[in-house]
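Visitor: Line by line, the protein sequences are chains S and D.
The first sequence lines up with residues 7 to 312 when you count with the numbering used here.
The second sequence lines up with residues 7 to 312 when you count with the numbering used here.
Hints listed in this document are in silico derivations from the structure and should not be mistaken for laboratory results.
The structure presented is a predicted model; accordingly, all values stated were derived computationally and were not measured.
There's no promise every hint is true.
Listed next, the stretches of chain S that the computed footprint assigns to chain D, with coverage defined by at least 3 CB atoms under 8 Å from CB atoms of chain D [what the hints assert, rightly or not]:
#, region
1, 39 to 52
2, 59 to 66
3, 69 to 83
4, 87 to 99
5, 282 to 292
Quick list of in silico lysine to any residue cross-link-like pairs, SDA-like style, CA-CA up to 20 Å [stated by the list, open to error]:
#, chain 1, residue 1, chain 2, residue 2
6, S, Lys115, S, Arg302
7, S, Lys57, D, Gly162
8, S, Lys303, S, Leu169
9, S, Lys87, S, Arg98
10, D, Lys87, S, Leu49
11, D, Lys87, S, Thr47
Using N, Cα and C, we set each Cβ at its ideal position, and we do this for glycine too.
The residues making up each chain are set out below.
2 protein chains.
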Amino acid sequence: MDLRHLRYFVTVAEEGHITRAAERLGIQQPPLSQQIRALETELGVQLFRRKPRGVELTDAARALLGDARRILGDVDGALAKVRRTARGEQGRIVVGFTSSAPFHPFVPKVLRVFRDGHPRVSMVLEEGGTADLVAALREERLDAAFIRSPVPDGEGVAVHALLREPMCAALPAGHALVRRTRGRTLRLADLALEAFVLYRRVSGPGLYDAIFRACHDAGFVPRIEQEAPRIVATLNLVASGLGVSIVPRSLSAMRLPGIAFRPLARATHLTAPIGLACRTVDHSAAARNFVSVVRRKAREEGRGGS
Amino acid sequence: MDLRHLRYFVTVAEEGHITRAAERLGIQQPPLSQQIRALETELGVQLFRRKPRGVELTDAARALLGDARRILGDVDGALAKVRRTARGEQGRIVVGFTSSAPFHPFVPKVLRVFRDGHPRVSMVLEEGGTADLVAALREERLDAAFIRSPVPDGEGVAVHALLREPMCAALPAGHALVRRTRGRTLRLADLALEAFVLYRRVSGPGLYDAIFRACHDAGFVPRIEQEAPRIVATLNLVASGLGVSIVPRSLSAMRLPGIAFRPLARATHLTAPIGLACRTVDHSAAARNFVSVVRRKAREEGRGGS
DNA sequence: CCATATCATATGTTTTTGATATGTATAATG
DNA sequence: CATTATACATATCAAAAACATATGATATGG
Numbered sequence: 007m008d009l010r011h012l013r014y015f016v017t018v019a020e021e022g023h024i025t026r027a028a029e030r031l032g033i034q035q036p037p038l039s040q041q042i043r044a045l046e047t048e049l050g051v052q053l054f055r056r057k058p059r060g061v062e063l064t065d066a067a068r069a070l071l072g073d074a075r076r077i078l079g080d081v082d083g084a085l086a087k088v089r090r091t092a093r094g095e096q097g098r099i100v101v102g103f104t105s106s107a108p109f110h111p112f113v114p115k116v117l118r119v120f121r122d123g124h125p126r127v128s129m130v131l132e133e134g135g136t137a138d139l140v141a142a143l144r145e146e147r148l149d150a151a152f153i154r155s156p157v158p159d160g161e162g163v164a165v166h167a168l169l170r171e172p173m174c175a176a177l178p179a180g181h182a183l184v185r186r187t188r189g190r191t192l193r194l195a196d197l198a199l200e201a202f203v204l205y206r207r208v209s210g211p212g213l214y215d216a217i218f219r220a221c222h223d224a225g226f227v228p229r230i231e232q233e234a235p236r237i238v239a240t241l242n243l244v245a246s247g248l249g250v251s252i253v254p255r256s257l258s259a260m261r262l263p264g265i266a267f268r269p270l271a272r273a274t275h276l277t278a279p280i281g282l283a284c285r286t287v288d289h290s291a292a293a294r295n296f297v298s299v300v301r302r303k304a305r306e307e308g309r310g311g312s
Numbered sequence: 007m008d009l010r011h012l013r014y015f016v017t018v019a020e021e022g023h024i025t026r027a028a029e030r031l032g033i034q035q036p037p038l039s040q041q042i043r044a045l046e047t048e049l050g051v052q053l054f055r056r057k058p059r060g061v062e063l064t065d066a067a068r069a070l071l072g073d074a075r076r077i078l079g080d081v082d083g084a085l086a087k088v089r090r091t092a093r094g095e096q097g098r099i100v101v102g103f104t105s106s107a108p109f110h111p112f113v114p115k116v117l118r119v120f121r122d123g124h125p126r127v128s129m130v131l132e133e134g135g136t137a138d139l140v141a142a143l144r145e146e147r148l149d150a151a152f153i154r155s156p157v158p159d160g161e162g163v164a165v166h167a168l169l170r171e172p173m174c175a176a177l178p179a180g181h182a183l184v185r186r187t188r189g190r191t192l193r194l195a196d197l198a199l200e201a202f203v204l205y206r207r208v209s210g211p212g213l214y215d216a217i218f219r220a221c222h223d224a225g226f227v228p229r230i231e232q233e234a235p236r237i238v239a240t241l242n243l244v245a246s247g248l249g250v251s252i253v254p255r256s257l258s259a260m261r262l263p264g265i266a267f268r269p270l271a272r273a274t275h276l277t278a279p280i281g282l283a284c285r286t287v288d289h290s291a292a293a294r295n296f297v298s299v300v301r302r303k304a305r306e307e308g309r310g311g312s
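Could you build the full structure based on these sequences and the hints that come with them?
Guide: Laid out in structure tokens, this is it:
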């Protein structure tokens with residue numbers, strides 16, 4: 007059996023005429039007669055009754071016609087689908103997040119942009135620590151991940167810097183500094199004597215080290231009172247009055263009760279990056295498309311926002 | 007595109023291995039490599055990543071694999087269906103009836119036998135007068151018809167005699183003869199003076215003429231009071247007391263109120279035939295099967311019943 | 001670093017497909 | 001009723017496709 011046989015058969019059945027069908031198929035009549043006969047022989051079934059003015063379908067042919075049409079249509083559909091998948095217009099991608107990433111408006115925005123541009127690509131979102139995300143990326147359980155670390159590069163995984171956002175101080179609502187700084191920025195030195203709550207270095211060394219360095223530049227060594235596994239947990243600890251913290255500014259959108267956010271003075275140069283981790287060679291076209299959409303959007307954002 | 011390509015593709019995808027797939031397909035490895043490459047070129051899509059220990063499916067290949075399997079299965083299914091149709095195990099037949107035929111138990115019985123033996127053949131039943139049935143047969147709107155006429159043969163339509171059943175007299179319930187013949191047979195001569203209700207000669211000349219001839223043999227010319235379009239209508243007229251009639255015995259199973267049936271004396275040799283009309287050359291295997299089942303069953307019945 | 005496994009390439013052979021020329025049968029036509 | 005036209009079948013040849021064999025390239029694993 008061969009798709010050619012089905013195509014020839016359908017055309018002959020539609021024309022009721024071998025010669026005309028051959029014309030439509032762009033071949034000569036004798037080969038078409040032969041192919042039809044070959045099909046009949048293979049099936050062991052007569053498909054057409056040869057009349058002096060054309061051919062007539064048998065019951066068997068009528069039974070086959072519908073199926074043949076459907077099969078040919080299915081084949082076309084399948085091929086189109088493969089091409090779409092290869093172009094990345096169809097498929098599935100799994101996107102990972104560091105817990106704090108989705109708070110920055112850029113992330114949900116770019117997800118929506120991609121979804122609108124690739125409606126046949128289904129997206130699965132997954133939260134996790136930076137290390138887990140990178141491992142998952144390497145094991146192909148993930149196609150890309152929004153992370154905050156600037157440099158867990160290497161071994162098949164690359165991180166594209168997308169944008170940086172200022173950080174801000176998170177203070178317990180009743181703290182003395184809250185009143186004193188109402189409507190003003192805070193200098194890092196103001197926090198020199200405070201207890202700090204930071205999220206664990208292993209979970210994301212990038213931010214941790216950056217904060218440490220900034221404090222050092224401001225002339226003090228932060229007293230780390232407590233570490234939390236995630237940024238959100240950090241905020242909860244701050245809310246319970248265990249200390250102050252420094253977090254990406256987008257977190258302030260949370261409006262947690264018991265927490266007051268204060269911008270930091272510009273001079274600190276303390277910013278939190280958002281990066282997109284992905285495989286250096288990625289076989290999934292959908293994933294490649296996703297990465298390029300995100301990076302392009304980030305560049306546009308950078309121009310528009312600065 | 008070619009079914010061979012799909013078959014090769016599915017095998018390679020399942021084995022993850024061109025060499026092993028070639029083995030399973032009964033061909034050598036180089037042609038298989040070529041065919042896969044040709045398929046990729048035609049699609050403009052890479053389907054496999056060649057690794058030193060086999061090949062790996064791309065997203066596109068995974069997308070195609072399901073469709074390819076389904077299509078190959080559909081093709082097999084379609085071919086099987088064509089063969090079944092050609093053998094008459096699948097399809098549709100339209101069977102006609104003269105209105106009185108289904109009263110004889112043979113008819114429903116043989117229909118059930120055929121249905122049990124050919125579960126994939128759907129049957130459509132159609133009632134009509136003998137002339138209509140034969141015309142429909144000729145125009146291929148019908149595949150076979152149970153009729154009572156012995157001889158509307160000719161022009162592509164043949165009638166196979168199936169069996170004969172005795173006829174009986176149908177009398178209005180209050181008629182004097184009913185009481186006089188309780189538990190006995192009736193001789194035709196007893197009806198010499200009665201008014202007759204017969205169904206129209208044009209609707210079925212066979213029975214009409216047979217009855218006329220039998221009366222003639224019994225020494226009288228029946229007085230036809232009324233004609234009805236169908237046998238069932240005839241009985242209704244008898245029930246209203248318009249006259250007596252002579253009908254196939256199987257009609258007595260109706261147990262109409264107002265009608266008494268009386269067997270006729272054997273000597274009358276008045277029997278009603280049941281025949282099966284069909285085309286002399288029939289292209290539908292299902293129809294041919296139906297005719298042969300009915301005829302075989304009739305022969306068995308004839309042996310068993312006599 | 002060598003042996004092994006696996007896919008790719010090159011080249012020749014076989015099979016399949018299609019084209020041309022011709023034959024045959026049936027319906028339409030004068 | 002003979003003739004013509006139409007359409008399918010058959011025969012033969014040419015072209016293309018598929019396959020086989022031999023060999024090369026490459027990466028893995030001991």
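Visitor: Decide, hint by hint, whether the structure agrees.
Guide: Each hint, compared with the structure:
1. 39 to 52: With 4 residues closer than 8 Å to chain D, the region 39 to 52 of chain S meets the three-residue bar; holds.
2. 59 to 66: holds (count 3)
3. 69 to 83: holds (count 9)
4. 87 to 99: Satisfied; 7 residues make the cut.
5. 282 to 292: Three-residue rule met by the region 282 to 292 of chain S, so holds; n is 4.
6. S/Lys115 with S/Arg302: 13 Å, holds
7. S/Lys57 with D/Gly162: 18 Å, holds
8. S/Lys303 with S/Leu169: 10 Å, holds
9. S/Lys87 with S/Arg98: 13 Å, holds
10. D/Lys87 with S/Leu49: Holds, because 11 Å separates the two Cα atoms, which is no more than 20 Å.
11. D/Lys87 with S/Thr47: Satisfied, since the Cα-Cα distance of roughly 16 Å is no more than 20 Å.
Of the hints listed earlier, there is not a single one the structure fails to meet.
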